[in-house]
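Protein chains: 2
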Amino acid sequence: MEIKIIPIRGIPIPIKPGDDIAKMICEATDEQGTPLQDGDVLVISHKIISKSRGLIHKLSDIKPSKEAMELSKSLNKPPELVELILRETNRIVRLRNGIIICETKHGFVCANAGIDISNVDGGLSAVTLPPNPDEEAFRIRESIKKMKGVDVAVIISDTHGRPFRRGQVNVAIGVAGIKPLRDRRGDNDLFGYTLKSTAIAIADEIASAAELVMGQANEGIPAVIVRGLEYQKCDESSIKDLIMTPQEDLFR
Amino acid sequence: MEIKIIPIRGIPIPIKPGDDIAKMICEATDEQGTPLQDGDVLVISHKIISKSRGLIHKLSDIKPSKEAMELSKSLNKPPELVELILRETNRIVRLRNGIIICETKHGFVCANAGIDISNVDGGLSAVTLPPNPDEEAFRIRESIKKMKGVDVAVIISDTHGRPFRRGQVNVAIGVAGIKPLRDRRGDNDLFGYTLKSTAIAIADEIASAAELVMGQANEGIPAVIVRGLEYQKCDESSIKDLIMTPQEDLFR
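Taken in order, these protein sequences are the chains called A and B. So in our numbering the end of the first sequence lands on 252, straight run, no missing numbers. So in our numbering the end of the second sequence lands on 252, straight run, no missing numbers.
If we strip away everything but chain A, and leave its shape as in the complex, we get:
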């Protein structure tokens, strides 16, 4: 089993509100001679989804609360951006060294509630995460099924920092058609030893693999095909499988 990671080039950038991402991906993959196939995993940067949904917020339109005004001083960020971050946040997990780590309304723990001002319009506007990334993944999967008759899994991705380790990695924030956690508990190893705690976050590993061709800054590759992977299909998959509750988490 050899896996291919195929960048999807030629998606018209910038994405505008109302753009049909599934259609754009089908056209771009056909155009470049790598049409989508049954069993492909499609990894899509959340940013183009958010933009297609119009989740672009002009900072000058936002009225910061008193709390945002206060916080913005220590964070060295515009109060309007801090206000936007607070609106997307369930609770602040860490606030130190000018960094704000949030638990988002989805349950993700990440910097600035996943709000980003890069690759938008030069710093004037910010993009928020889709409120329901699973649903976005589901819709794109269904739409591709209808348009092309192929059964693909879809992963919506974002880059997150991690405790203990420097640098960000791409992770899954929404899934459709794939079980995001590959649970190995109960399987035997090569020597007959029963695995006790091995569950692999395969959707996160796929997102990371995709990032190797996606890049981050000016590559303009917002979607990637991962082809040749054996994965557990699932019609009702959810990113919730990968999100720890505060109760089971040792670091909240």
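Be careful, since some hints might not be right.
Chain copies aren't distinguished; within one or between two, either way the pair holds.
Below, computed lysine-lysine pairings styled on BS3-like, alpha-carbon distance capped at 27 angstroms [said to hold, decoys possible]:
| no. | residue 1 | residue 2 |
| --- | --- | --- |
| 1 | Lys179 | Lys148 |
| 2 | Lys4 | Lys233 |
| 3 | Lys179 | Lys4 |
| 4 | Lys4 | Lys145 |
| 5 | Lys73 | Lys58 |
| 6 | Lys148 | Lys4 |
| 7 | Lys179 | Lys146 |
| 8 | Lys63 | Lys77 |
| 9 | Lys105 | Lys179 |
Hints listed in this document are in silico derivations from the structure and should not be mistaken for laboratory results.
Position chain B relative to chain A; hints supplied.
Using the frame of chain A, we list chain B on its own:
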């Protein structure tokens, strides 16, 4: 740029102390018709490195300390295993719900100091991490250069759990020939906005990509070629670039 993730089959398992991993990898890749090429990244599970170095510890040979005896009760682990974990640990970061999160002597923060009893001998022995994974990666890289005349990067990998998210992912614990962190700070995005904090842990993403074919239990694929990736070469790379100091870490 399309990337291929090629499993290396046919490495003779189990690995025994003194086995020449570099030679085995060269033979297996030649044999399966995917000889190593300049620019390949070779990802190797730490476990075969540890075994080749004889880092296999028979639990019945270990005399647990009083501390290990005490701890073993709450952890539901054999006291000999707990003793081994403590010997590899700089400090305990979390100890809760029968889970012990350690900062290893290398600086990694992971469960059980990276000590594993799966895929060894059915539960009687445990394998510890190599004391210097960078050096192991360096030696394999040099050895392949000498044997085959090709310039490959080498990543030694292990699977780690993460705060906030369920499931483990494969990460880099040793590197040679590749800059493990791709620092994008100062680059411009597509809209001319200067990126402020984007540094991608590319070595971790490569390790995660490799895991997609490595598997965890009984696949017997302990090494993988990642081919076609553009990466920053570096003759004196170190995993230290990816390890946060306790001072910069918000979660220790």
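Do the hints match the structure? See the list:
For the identical chains of this complex, Lys179 and Lys148 are intra-copy neighbours only, at 23 angstroms inside a copy versus 40 angstroms across copies, given an alpha-carbon limit of 27 angstroms. Taking the shortest alpha-carbon separations for Lys4 and Lys233, both the intra-copy value of 19 angstroms and the inter-copy value of 22 angstroms come in at or below 27 angstroms. In this homomeric assembly, Lys179 and Lys4 come within 27 angstroms of each other (Cα to Cα) both inside a single copy, at 20 angstroms, and across copies, at 23 angstroms. Taking the shortest alpha-carbon separations for Lys4 and Lys145, both the intra-copy value of 21 angstroms and the inter-copy value of 26 angstroms come in at or below 27 angstroms.
Proximity of Lys73 and Lys58 under a CA criterion of 27 angstroms is satisfied intra-copy only: 20 angstroms inside one chain copy versus 57 angstroms between copies. Taking the shortest Cα distances, Lys148 and Lys4 sit within 27 angstroms of each other both inside one copy (21 angstroms) and across copies (25 angstroms). With identical chains, the CA atoms of Lys179 and Lys146 are at most 27 angstroms apart within one copy only, with a shortest distance of 22 angstroms there and 43 angstroms across copies. Within a single copy, Lys63 and Lys77 get their C-alpha atoms as close as 14 angstroms, which meets the 27 angstroms cut-off; across copies the closest is 55 angstroms, which misses it.
Taking the shortest Cα distances, Lys105 and Lys179 sit within 27 angstroms of each other inside one copy (22 angstroms), while across copies they are farther apart (35 angstroms).
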